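Q: Chain by chain, the residues:
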Amino acid sequence: MSDARSDILAGIRRALKRGPVDGETRRALEARLQGHRPNLVPKRGQTAGRERIDAFVQMAEFSLATVTRVARAEQVPQAVADYLKSQNLPAELRMAPDPGLDAIPWANLPLLKIARGKPEPGDEVGLTGVFAGIAETGTLMLLSGPRSPSTLNFLPETHIAVVRADRLVGSYEDGWSALRQKNAAMPRTVNFITGPSRSGDIEQTLQLGAHGPRRLHIIVVDDGTPPGER
Amino acid sequence: MQPTSRAFRANARAALDNKTLQQAMANLGFRQKRLEAISRLPEFEALRDQARDIKNHTLQHLDFYLEAYEAKLRESGGQVHWCRTPEEARQTILGICRSLGARTVTKGKTMIAEEIALNPFLEENGIAPIETDLGEYIIQLRNEPPSHIIAPAIHVTKEQVADSFLEKHAVYGKTRRLSEPREMLEEARGILRDKFLKADVGITGANFLIAETGSSIIVTNEGNGDLTQLLPRAHIVLATPEKLVPTLEDVSTILRLLARSATGQEFSVYTTVSTGPRRKEDPDGPEQYHVVILDNGRSAMLGTEFQDMLRCIRCSACMNHCPVYGAVGGHAYGWVYPGPMGAVLTPSLIGVDQAGTLPNASTFCGKCESVCPMRIPLPKMMRHWREREYEQHLSSTVSRLGLAAWAFLARRPSLYRFATGWAARVLGLLGRRHGNFANLPLAGGWTRFRDMPAPEGRTFHQAWAERAQRNQGR
Numbered sequence: 001m002s003d004a005r006s007d008i009l010a011g012i013r014r015a016l017k018r019g020p021v022d023g024e025t026r027r028a029l030e031a032r033l034q035g036h037r038p039n040l041v042p043k044r045g046q047t048a049g050r051e052r053i054d055a056f057v058q059m060a061e062f063s064l065a066t067v068t069r070v071a072r073a074e075q076v077p078q079a080v081a082d083y084l085k086s087q088n089l090p091a092e093l094r095m096a097p098d099p100g101l102d103a104i105p106w107a108n109l110p111l112l113k114i115a116r117g118k119p120e121p122g123d124e125v126g127l128t129g130v131f132a133g134i135a136e137t138g139t140l141m142l143l144s145g146p147r148s149p150s151t152l153n154f155l156p157e158t159h160i161a162v163v164r165a166d167r168l169v170g171s172y173e174d175g176w177s178a179l180r181q182k183n184a185a186m187p188r189t190v191n192f193i194t195g196p197s198r199s200g201d202i203e204q205t206l207q208l209g210a211h212g213p214r215r216l217h218i219i220v221v222d223d224g225t226p227p228g229e230r
Numbered sequence: 001m002q003p004t005s006r007a008f009r010a011n012a013r014a015a016l017d018n019k020t021l022q023q024a025m026a027n028l029g030f031r032q033k034r035l036e037a038i039s040r041l042p043e044f045e046a047l048r049d050q051a052r053d054i055k056n057h058t059l060q061h062l063d064f065y066l067e068a069y070e071a072k073l074r075e076s077g078g079q080v081h082w083c084r085t086p087e088e089a090r091q092t093i094l095g096i097c098r099s100l101g102a103r104t105v106t107k108g109k110t111m112i113a114e115e116i117a118l119n120p121f122l123e124e125n126g127i128a129p130i131e132t133d134l135g136e137y138i139i140q141l142r143n144e145p146p147s148h149i150i151a152p153a154i155h156v157t158k159e160q161v162a163d164s165f166l167e168k169h170a171v172y173g174k175t176r177r178l179s180e181p182r183e184m185l186e187e188a189r190g191i192l193r194d195k196f197l198k199a200d201v202g203i204t205g206a207n208f209l210i211a212e213t214g215s216s217i218i219v220t221n222e223g224n225g226d227l228t229q230l231l232p233r234a235h236i237v238l239a240t241p242e243k244l245v246p247t248l249e250d251v252s253t254i255l256r257l258l259a260r261s262a263t264g265q266e267f268s269v270y271t272t273v274s275t276g277p278r279r280k281e282d283p284d285g286p287e288q289y290h291v292v293i294l295d296n297g298r299s300a301m302l303g304t305e306f307q308d309m310l311r312c313i314r315c316s317a318c319m320n321h322c323p324v325y326g327a328v329g330g331h332a333y334g335w336v337y338p339g340p341m342g343a344v345l346t347p348s349l350i351g352v353d354q355a356g357t358l359p360n361a362s363t364f365c366g367k368c369e370s371v372c373p374m375r376i377p378l379p380k381m382m383r384h385w386r387e388r389e390y391e392q393h394l395s396s397t398v399s400r401l402g403l404a405a406w407a408f409l410a411r412r413p414s415l416y417r418f419a420t421g422w423a424a425r426v427l428g429l430l431g432r433r434h435g436n437f438a439n440l441p442l443a444g445g446w447t448r449f450r451d452m453p454a455p456e457g458r459t460f461h462q463a464w465a466e467r468a469q470r471n472q473g474r
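Protein chains in written order, with the numbering used here: chain A, 1 to 230; chain B, 1 to 474.
Just so you know, not all the hints are guaranteed correct.
[As the list claims (entries may be wrong)] List time: in silico BS3-like cross-link candidates among lysine-lysine, alpha-carbon distance up to 25 Å:
#, chain 1, residue 1, chain 2, residue 2
1, A, K118, B, K195
2, A, K182, A, K118
3, B, K198, B, K280
4, B, K380, A, K17
5, B, K168, B, K158
6, B, K33, B, K168
7, A, K85, A, K43
8, A, K43, A, K17
9, B, K195, B, K158
10, A, K43, B, K195
11, A, K118, B, K198
12, A, K118, B, K280
13, B, K174, B, K198
14, B, K380, B, K367
15, B, K367, B, K33
16, B, K158, B, K19
17, A, K182, B, K280
18, B, K174, B, K195
If you are wondering where the hints come from, they were derived from the structure by calculation, not from laboratory data.
Because the structure is a prediction, the values reported are computed rather than measured.
Based on the provided sequences and hints, a complete structural model is requested.
A: As structure tokens, this is what we get:
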């Protein structure tokens with residue numbers, strides 16, 4: 001018995017009536033794979049400056065996330081505390097071990113109990129940074145790694161994400177470019193998150209909080225630096 | 001799963017008589033949401049063209065992209081398993097599970113697992129599969145197959161869900177009958193959370209495979225696919241070759257169409273790109289990442305009149321808009337894939353002798369093709385299947401006699417005009433009073449469920465000739 005791999009590849013070539021791709025065609029295909037050429041990016045994915053921040057907030061809210069805007073990182077702890085209070089949640093959270101989040105002066109608000117690391121069963125609130133926010137659909141882009149455990153995006157019932165306005169990009173394609181600039185290789189997991197978890201599986205009635213978080217709250221830190229200029 | 005597609009007529013009749021099913025199917029509400037979503041994106045039509053071209057390009061070079069994908073995936077530490085048949089795929093998955101001593105497996109929604117009947121196979125081998133998509137979970141409790149590719153329990157009413165939960169959740173100490181979808185979701189969430197945390201292996205499908213990076217992508221709204229792949233020791237992806245897309249840019253284009261065409265969302269809640277196992281510095285994620293690439297008839301569709309079907313991204317827009325699907329639901333189609341895409345794909349995968357009735361279960365209204373984000377010419381391909389069915393002498397005697405009689409008349413124009421002229425006149429006279437027929441001999445199959453409009457006494461040919469005369473007179 002020949003092996004499945006060669007059988008499948010041979011079957012494909014037979015069906016396409018040709019041998020393995022080589023020569024000029026092969027070089028063209030390899031160039032296409034390395035070219036990262038975007039296809040059509042819709043106009044709404046091409047926002048800039050303040051317009052981009054507004055677009056991001058509007059689309060995130062459309063996806064049923066809630067958004068607070070603050071002007072400085074120093075205001076984030078209070079915004080988190082206010083949000084937790086408004087939802088009748090305890091002032092306790094599990095925070096991603098992200099140096100960007102560590103730079104926030106949490107100690108100014110000692111009532112907020114913060115544990116760092118990946119989530120434990122029973123953690124009700126997770127707090128993460130993001131790699132980027134995508135204005136086109138109000139989507140968060142998170143990369144797995146030591147400073148961002150992926151399970152923290154899914155296990156706690158409430159997900160709070162802190163997004164600096166200068167980390168907002170227009171489109172998914174801009175998100176990929178930013179990732180390629182930062183990393184030579186893909187991380188294990190890239191999560192695109194658009195709103196809180198939901199299901200319509202019982203009689204097509206929308207219910208939030210199917211398996212992932214019931215609430216997604218985004219705190220946009222907008223200190224006036226235009227998006228894209230880090 | 002044993003196909004019952006040959007019994008489509010009987011299945012459809014039973015479905016039309018099933019009041020509970022008809023009540024449930026009335027909830028199918030994706031159409032308006034899709035319309036609103038695409039109206040918010042002016043570039044939608046242009047994106048459809050590009051998406052079609054991307055997939056056509058990929059299919060033309062599928063061997064190249066598969067090899068490129070495999071090389072990248074290996075580089076990231078993942079393992080590839082090539083399988084020709086469902087049996088090879090089942091054995092491969094079982095082998096991986098056994099190597100880890102797995103007892104329970106959580107599953108994200110995958111239609112390919114339905115195609116290879118994975119759940120019963122795992123159970124026979126002492127491994128408990130647990131469906132985690134809420135809809136899939138409900139039908140697993142009910143021990144039945146999905147009836148829709150993205151809303152698998154669309155045929156179930158909330159009362160039926162309540163019954164199933166009452167019966168099957170007693171072992172967890174849940175003995176109250178629930179009445180609201182919210183409570184049912186909460187109960188299932190609690191039970192499944194525990195299963196997620198204890199599972200040994202997680203199996204998901206893939207919406208896309210990316211050649212550039214060796215990644216697989218899943219798209220969900222619940223987040224079940226993410227807990228399925230992040231928590232256990234191994235993540236197994238079950239995919240078919242045509243899921244390939246060259247680059248991250250290409251998949252971004254197609255993703256702009258997927259959720260809008262499916263549920264009318266701007267973007268699904270979770271789009272997850274997975275590349276290899278967890279890195280050594282990662283705090284979480286699976287230690288092993290396996291991708292099972294199952295061909296099961298796909299490569300044989302290349303180079304045939306059914307190649308375009310391999311562009312399908314399983315959004316379900318075709319079935320959401322199909323009048324036949326809307327009337328009879330998904331189970332009537334008798335196998336894994338229902339609706340117009342199923343009517344084309346099922347004969348390709350299990351044979352036209354098994355599924356030849358499905359491409360006949362269409363009025364050719366063309367709605368499916370008009371909403372397909374990948375511009376798949378579904379009616380044309382159903383016509384190809386009808387031709388093959390006829391050529392292989394698989395169609396029924398009645399339809400063959402009918403076609404022969406029609407062909408006899410159609411080849412004799414004067415006789416044809418004479419016969420249709422009389423028929424139109426007689427029917428016109430009979431139906432004069434109401435303008436339609438509540439029942440009509442020989443057309444009971446039609447009039448049983450709706451009225452047959454009465455002709456106005458003339459044939460189309462006659463009306464056309466008169467119109468031409470009038471125009472000349474001008």
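Q: Quick one: which hint numbers does this structure break? Sort them smallest to largest.
A: Hints 6, 7, 8 and 10 are the ones this structure does not satisfy, whereas the remaining hints hold.
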